[in-house]
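Generate coordinates for the entire structure from the input sequences, incorporating the hints supplied.
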Amino acid sequence: MRLADLAEQIDLPETDVVTGAWDAAVRRTRRRRAVVVAASAAVVLVVVGVSALSLRGEPERPQPAVPEPTPTVTESPQGIDHSNTQRLVSPELWEGLSSLEPGATTDLSEDPMDEGVFATVDPDDGAVPIVLGSDGRWRRVDVPGLVLIDDGGGYTSPVVRPTAFSADGTHLALPQPDALVVVDLTDGSHRTYPMPDDFLSYAVWADDSHVLVSSEGATTSTLVDLDSGDTVAADLPPDTVFADGDSLSWGRSDQVLDWGSRPDVPTLANNAGGLVEYPPLLKDGLAIGDMTVGSRTVGSEDPPLGNGVVAVDTSSGDVLAYLHVGPGPGLIALLGWDGALPVVGFVDRTGTHLSMAIAVWDYRAGNLRPIAETSGMAVAWRRSL
Amino acid sequence: MLRRESFEEWARSRQQRLVRSAYLVTGDFQRAEDLVQEALIRAAQRWDTLRDGQPDAWVRTVVFREHVSWWRRVRRETVTDEPPTGLLDPPGEAPVMIQDALALLTHKQRAVLVLRYIEDLSVAETAAVLGVSDGTVKKQASVALASLREIAPGLEELQEELS
Chain A
156 MRLADLAEQI
166 DLPETDVVTG
176 AWDAAVRRTR
186 RRRAVVVAAS
196 AAVVLVVVGV
206 SALSLRGEPE
216 RPQPAVPEPT
226 PTVTESPQGI
236 DHSNTQRLVS
246 PELWEGLSSL
256 EPGATTDLSE
266 DPMDEGVFAT
276 VDPDDGAVPI
286 VLGSDGRWRR
296 VDVPGLVLID
306 DGGGYTSPVV
316 RPTAFSADGT
326 HLALPQPDAL
336 VVVDLTDGSH
346 RTYPMPDDFL
356 SYAVWADDSH
366 VLVSSEGATT
376 STLVDLDSGD
386 TVAADLPPDT
396 VFADGDSLSW
406 GRSDQVLDWG
416 SRPDVPTLAN
426 NAGGLVEYPP
436 LLKDGLAIGD
446 MTVGSRTVGS
456 EDPPLGNGVV
466 AVDTSSGDVL
476 AYLHVGPGPG
486 LIALLGWDGA
496 LPVVGFVDRT
506 GTHLSMAIAV
516 WDYRAGNLRP
526 IAETSGMAVA
536 WRRSL
Chain B
30 MLRRESFEEW
40 ARSRQQRLVR
50 SAYLVTGDFQ
60 RAEDLVQEAL
70 IRAAQRWDTL
80 RDGQPDAWVR
90 TVVFREHVSW
100 WRRVRRETVT
110 DEPPTGLLDP
120 PGEAPVMIQD
130 ALALLTHKQR
140 AVLVLRYIED
150 LSVAETAAVL
160 GVSDGTVKKQ
170 ASVALASLRE
180 IAPGLEELQE
190 ELS
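Residue numbers (our numbering), protein chains in the order written: chain A, 156 to 540; chain B, 30 to 192.
Just so you know, the hints here were simulated from the structure itself, not pulled from any lab data.
Just so you know, not all the hints are guaranteed correct.
Non-contacting residues of chain A with respect to chain B, defined by C-beta distances greater than 10 Å in every case (computed) [to be verified]:
| id | residue |
| --- | --- |
| 1 | Glu163 |
| 2 | Leu248 |
| 3 | Trp249 |
| 4 | Leu252 |
| 5 | Thr261 |
| 6 | Asp262 |
| 7 | Ser264 |
| 8 | Gly291 |
| 9 | Arg292 |
| 10 | Gly440 |
| 11 | Leu441 |
| 12 | Ser539 |
Using C-beta positions, here's what the derived DEER-type ranges look like [stated by the list, open to error]:
| id | chain 1 | residue 1 | chain 2 | residue 2 | range |
| --- | --- | --- | --- | --- | --- |
| 13 | A | Asn522 | B | Arg32 | 45 to 55 Å |
| 14 | B | Ala175 | A | Gly258 | 49 to 59 Å |
| 15 | B | Gly82 | A | Gly494 | 50 to 60 Å |
| 16 | A | Thr261 | B | Gln83 | 39 to 49 Å |
| 17 | A | Glu265 | B | Arg41 | 57 to 67 Å |
Over the 10 Å line for every Cβ pair with chain A, so calculated as not near, a few chain B residues [claimed, not checked]:
| id | residue |
| --- | --- |
| 18 | Asp149 |
| 19 | Ser171 |
| 20 | Pro182 |
For every residue, glycine included, the Cβ atom is placed at its ideal position computed from N, Cα and C.
Put into structure tokens, the structure is as follows:
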């Protein structure tokens, strides 16, 4: 007997996924056209505005102009028992955001920068990082031979991770299938640390001269000495991060969360998921992790999956706050820090907003301060301009 | 025939099989229906160009890639009550056993097995659907079948594929 024959014998209920599909497609097409029309109108307005400025002889300003954050506070939905659970994402988040898109770029090797503040990838080639310098200009990281991050199973992702920037913004750490590549943004040079067939997925700065690397599914990680090139097997799980000389291992800790509307269903929170998968970020006794929440039981009537970010006190392990989008369409990604507060990105999977909204999460006050929007999905944020 | 009628006639003739495949990959009937419905909505949006092409292959690709996209976001969060260790409790009805055994494989392995041995696609076709290399398909299929042999030895009848 063949697998196909057995599969045919599995008793499944009758299904109807056709009814309504056509109407949904029509609605979706109309909505997308409306978004395109609105975006085109916005572009026209911007062009008109810029032209007017040019005609008045204003000096050219560096791109992009990121406005001062405007706090927005959205009430959490009723019925959520946990006082530290926040759900602040709303359509208003996208309103009035400046677009953070790479404009004209120069090659980094010919036009180095003092420090990088924001990184994404070339929209046409996820293996090419594009970095916004503190001078407001974009550089293309022209390191030859860079390839997409490869998990060794045939699945790839863009080369920029939220942990790419060194603390001072002068270097980028890029995991590669067979090496760690560290780019010096101040002179455009790079150094390759061979790690054959390790299929690196994570590169996290431990301090100015060490990067912790690991692979998907690995149970340990490796510490790379950037000066000597030595690699030391670290007896630490891959979700380890460093702060002030101390190490922290956090994640998959079975934090039980409450969905509020379904308090009878226990859920697990893990340090995984999101747009890309990466270790938590750590700073001044605070760990910010990207978390996905799912149900314990496959196939049961559990709540829909959702994801979010969590703030954890590294000394006590207490969850200080949890920001989530679920249940429902949407994704949150952890992007970096802005001062002492984490920067997060939101994707509206309904298609109403086609970009990622970037905002500072004030986990203590329970609000979001929108900063900008970008079409890039692989993003590292270091600071505002 | 009107566009809508043409689409719905085609979709109704395919939906049960599509949902079955999606269910085998996801292990979750609701999720399987969601995946297939999403693929059908996208197909309806471009039915004018799809109807004279290969809508079956296109929708299958959307279902599997959307699933891959989904599990990449949530890969570690969905855990079973019991960790997947040890053997399944034999004996059992073979369809139930294969269902349970598939649930113990990784998402990648399950997707490859379903496409290769249930949808009867070639290595190249499976690779094209999943957007991976032929070598990856071969490797994943080999590992998946080895895992099935280990975790479900009761499936002795599956000589053709498990040998």
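Quick rundown of the hints versus the structure:
1. Glu163: violated (8 Å)
2. Leu248: At roughly 20 Å from the nearest Cβ of chain B, Leu248/A sits farther out than 10 Å, so the non-interface label holds.
3. Trp249: holds (21 Å)
4. Leu252: holds (23 Å)
5. Thr261: holds (33 Å)
6. Asp262: The claim holds: Asp262/A sits with its nearest Cβ about 30 Å from chain B, beyond 10 Å.
7. Ser264: holds (32 Å)
8. Gly291: Given a closest Cβ separation of 33 Å, the condition holds.
9. Arg292: At roughly 33 Å from the nearest Cβ of chain B, Arg292/A sits farther out than 10 Å, so the non-interface label holds.
10. Gly440: Check passes; 26 Å lies beyond 10 Å.
11. Leu441: holds (23 Å)
12. Ser539: holds (27 Å)
13. Asn522/A with Arg32/B: 45 to 55 Å: holds (48 Å)
14. Ala175/B with Gly258/A: 49 to 59 Å: holds (51 Å)
15. Gly82/B with Gly494/A: 50 to 60 Å: holds (53 Å)
16. Thr261/A with Gln83/B: 39 to 49 Å: Because 44 Å falls inside the window, the suggested range holds.
17. Glu265/A with Arg41/B: 57 to 67 Å: For Glu265/A and Arg41/B the Cβ distance comes to about 59 Å; the hint holds.
18. Asp149: violated (6 Å)
19. Ser171: At about 13 Å from chain A, Ser171/B clears the 10 Å cut-off, so the statement holds.
20. Pro182: Pro182/B is indeed farther than 10 Å from all Cβ atoms of chain A, at 15 Å.
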